[in-house]
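Colleague: Respectively, the protein sequence lines represent chains A and B.
The opening position of the first sequence corresponds to residue 179 in the working numbering, with each subsequent residue numbered one higher.
The opening position of the second sequence corresponds to residue 25 in the working numbering, with each subsequent residue numbered one higher.
To be clear, the hints were calculated from the coordinates, so they are not data collected in a lab.
Computed from a prediction, not measured in an experiment: that's the story for all the values here.
Treat the hints with care, as some may be off.
As the list claims (entries may be wrong) - List time: in silico DMTMM-like cross-link candidates among lysine to aspartate or glutamate, alpha-carbon distance up to 20 Å:
no.: 1; chain 1: B; residue 1: Lys213; chain 2: A; residue 2: Asp298
no.: 2; chain 1: A; residue 1: Lys192; chain 2: B; residue 2: Asp232
no.: 3; chain 1: B; residue 1: Lys213; chain 2: B; residue 2: Glu268
no.: 4; chain 1: A; residue 1: Lys284; chain 2: B; residue 2: Asp29
no.: 5; chain 1: A; residue 1: Lys192; chain 2: B; residue 2: Glu344
no.: 6; chain 1: A; residue 1: Lys284; chain 2: B; residue 2: Asp163
no.: 7; chain 1: A; residue 1: Lys363; chain 2: A; residue 2: Glu467
Spelled out, the chains give:
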Amino acid sequence: MKFLDEFQDPRLVKGLLQEIGSLAKRRVTFMEVCGTHTMALNKFGIRAMLPNRVDIISGPGCPVCVTPMNVIDAAIEAADIENVILATFGDMMRVPGSSSSLEAEKALRSDIRVVYSAMDSLGIAEGNPDREVVLLGVGFETTAPSIACTVLGAARKGIDNFKLITANKLIPPAMKALLDAGEVKLDGFICPGHVSTIIGSEPYEFIPREYGIPCVISGFEPVDMLQSILILLRQIDEGRSGVEIQYSRSVKPDGNQIAKRFTSEVFKIVDSDWRGLGKIKASGLALSERFQEYDALKHLGIGLRESAEPPGCLCGEILRGVRSPPECGLYGLRCTPERPVGPCMVSSEGTCAAYYRYSGGARE
Amino acid sequence: MTPVDMILLAHGAGGKLTRRLIEEDILTRFENPVLRRLDDGATLTFGNLKLAYSTDSFVVDPIFFRGGDIGKLAINGTVNDIAMCGAVPMYLTTSLIIEEGFKLEDLRRILNSMRDAADEANVEVVAGDTKVVSAGSADKIFVNTSGIGIVEREVSGSNAKVGDKVIISGFIGDHGIAILSEREELDLKVPVTSDCSPLNGLVSSILDATDGIHVLRDPTRGGLATALNEIALQSNVGIRIYEEMIPIRDAVRGACEMLGLDPLYVANEGKMVTFVSPDDAPQVLEVMREHRSGSDARLIGEVIAEPRGTVLMRTRIGGERIVDMLTGEQLPRIC
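In isolation and in its complexed conformation, chain B is listed as follows:
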């Protein structure tokens, strides 16, 4: 059997192999215009009502980490995916797949943080399911969440327009490096806390402030680079970013240097990129910076006409290079 005849960890990394799997094996079977948009969630119309619907499964290892745990991640992950559709998240469901022998105490801790995260994001968990599998059939606990929200403004990854400014809501790479620093085999001790947090408040405040928001995307698995590549492809535009403008903590940059990782590909769980018309960009930046989740927001680039479907980066030293989609897995099971 050749490497392409079976599922590899890299198929779950959010990069090129994931995209190929989705396009060749999933889209072809469930072809419809809503799915075809490949946004973070589906936008559905019922008469005058527009709903956003999204689902996500969480397999992070370790399940407890600095700045959160699998439960908090599961709530915020779906809350954020709904928010990225320009919607106000309302109701969530959850499914737990638990390995036999899992400590009840740990389960309660996870459920407590799910409740706290739901409270913070102002959503309610309204349905759920629990399955237990024999020891060894799953690793401790996997959590799925799904949810719906009411669309305030339709935004989509396919809406980026030439001239749009690209804004990131804060420091990138915190979540990925926080998870890594918990992995024993790396013996990496860096003082980085996961940025796991809800973004719906931040989204509402910028949608209220301006009509110029075209795209919202939370750069989770695959990082900022992957999110920008997806948008460049969806909108059939080019994107240019400036290395020196991208906010990266020294500890994250240092850890990446040491491990040979590129922070552009490291996961975030509480950041978003916003594409906004140039006239509205200063106001959006201002509104974001006033918000707790966006206090370190920065303008990092703009949308260009050519080369289409490509992300370019002006490097710190004045060179230019392509920022491609992630190919293999940088690191498995970070969300």
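Isolated chain A (complex conformation):
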């Protein structure tokens, strides 16, 4: 297929692997923080093709996985209200909350609908004027602009039965939190291509500047990812660190201005809870004062309760890159894709699910 085959060309891949092999002189650990990168690494079998000296670990890049359990509980509570239609992205359906999941609630007759775009939820609201339509808004900087547009659309059209649960998160503050925690020693970051298409490269500049760690913004095809790894190795080899854009066919240094404007018009930056990482300063989005009337939880009188992680679940450590899936006592035994315990086993972008699916459920 045009524009895709070129980025999966076996000859290019072979050449890049050779270059990587000769440039990787010592053991290095790079972290990617994007669910699509996690998928690509496993789907194409890239990890196993790299020299042993080059280790790629997955960080908190799966939006489903970092959404706290109490947000899922709140969404379930909202969906249980007689008059509410809950709209959600499909990935959230199977994530276990404290005692149930949206998938189970749907089977128990809650009106829960999977949408492919935030805007679809506005259509549902228009079509059901006597019902309340609540969108479970999760994701990173990537989904924030379209969710913002949905809120703006509701305001413009005067659709007052549309409400939003805001759980959007911001990636660079989470990267900073990981570095400050110092649990993993990283030699480079593979920065997310989609997020960076929105925010550009500037928000990562503090990483080389303050921590001396090389960064590269990568695309998602095998050639993209190998080229990105090579860029990081070159920076290390030449003793420098900066933010380079490999995915230049999509990412501009200052990002997408229009998308950023929508996001900042509708949302304000707040401290936010991350599953596995805890509260991170200025790492989440909430509706700004002007759009408070769209706040679903406030409107429905639902509070975020304390929730405890399932005993034995290592999703936190896995999201921080401290442990790998087979090190978890539940992995492949009590926790499998068909009966997930923790969120990393649910989403196809989750580290455990990707690992399980493409490397098998066997424990190391």
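Here the structure of chain A is known, so what remains is to put chain B in place on it, guided by the hints.
Modeller: Just chain B, lined up with the frame of chain A:
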């Protein structure tokens, strides 16, 4: 109630949850050697006569789609399940469950295409049943078909042998993507037509040509990946496939890229995988390619001894990965 205490859509997706439901709740209650084989249909022996018997229900949404409708699908689905037992389909029965208020005109259109499909597959519909339920108790129309055929050669998912070559009869994923492109909520406009068609002619021609056919399976719900996993488990062998050899249309690949689907798991309704001894593989390929339903047939892999019960794929770029069974539902109600 926890998610595992009730039936979820994923239980009907043909993947791991479906398999678990069958093994834990159905096999345990109806334990017998015929059912235990878990083939597409049952193979039954009456003296010298061997019959294949199969049943299937169809709930596809939408009921009319590019390349077919629920009626054509229902006839071909059972015809193909019987053919996959190495049998010549002969007689079918059908049951219709219709929602009150369903347009007679639509019912006639469906019945007409059932008749046409039966004619094409050279089978007769010899018994049936009709039920009407109140509005809201069913979604428009559900169709069940059952059927019998005479076994020409016994093939089974448990017959795969190390060294066997794996052949797919044509492009994969067409049916699933055709159905998806009809779903309004996706607003996906791709020029893909369902491959819904009978395979009994193709099966007869390869069975006539060689004795080396070990397994036949139509990769419907759950796609090629699920079918291969089932066979790997049934035969207790490993299977290796090669990504670059698997025929996938650009439009299907593109749609899958966009939607985050893996074409290996997307449904087919007119394709089959054939496991054949290595010596006979070239001839089978040749015979298939001469047939209308197999003109794009390709060799996509082989049976290996280890790892047992596992499907491996050599990726386009030279990596290797496991192709697991589908876990959740990729998409509901595609057949």
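Colleague: Hint by hint, note whether the structure agrees.
Modeller: Tested hints:
no.: 1; hint: B/Lys213 x A/Asp298; verdict: holds, 17 Å
no.: 2; hint: A/Lys192 x B/Asp232; verdict: violated, 44 Å
no.: 3; hint: B/Lys213 x B/Glu268; verdict: violated, 26 Å
no.: 4; hint: A/Lys284 x B/Asp29; verdict: holds, 13 Å
no.: 5; hint: A/Lys192 x B/Glu344; verdict: holds, 14 Å
no.: 6; hint: A/Lys284 x B/Asp163; verdict: holds, 17 Å
no.: 7; hint: A/Lys363 x A/Glu467; verdict: violated, 40 Å
This entry does not satisfy hints 2, 3, 7, going by the numbered hints stated previously.
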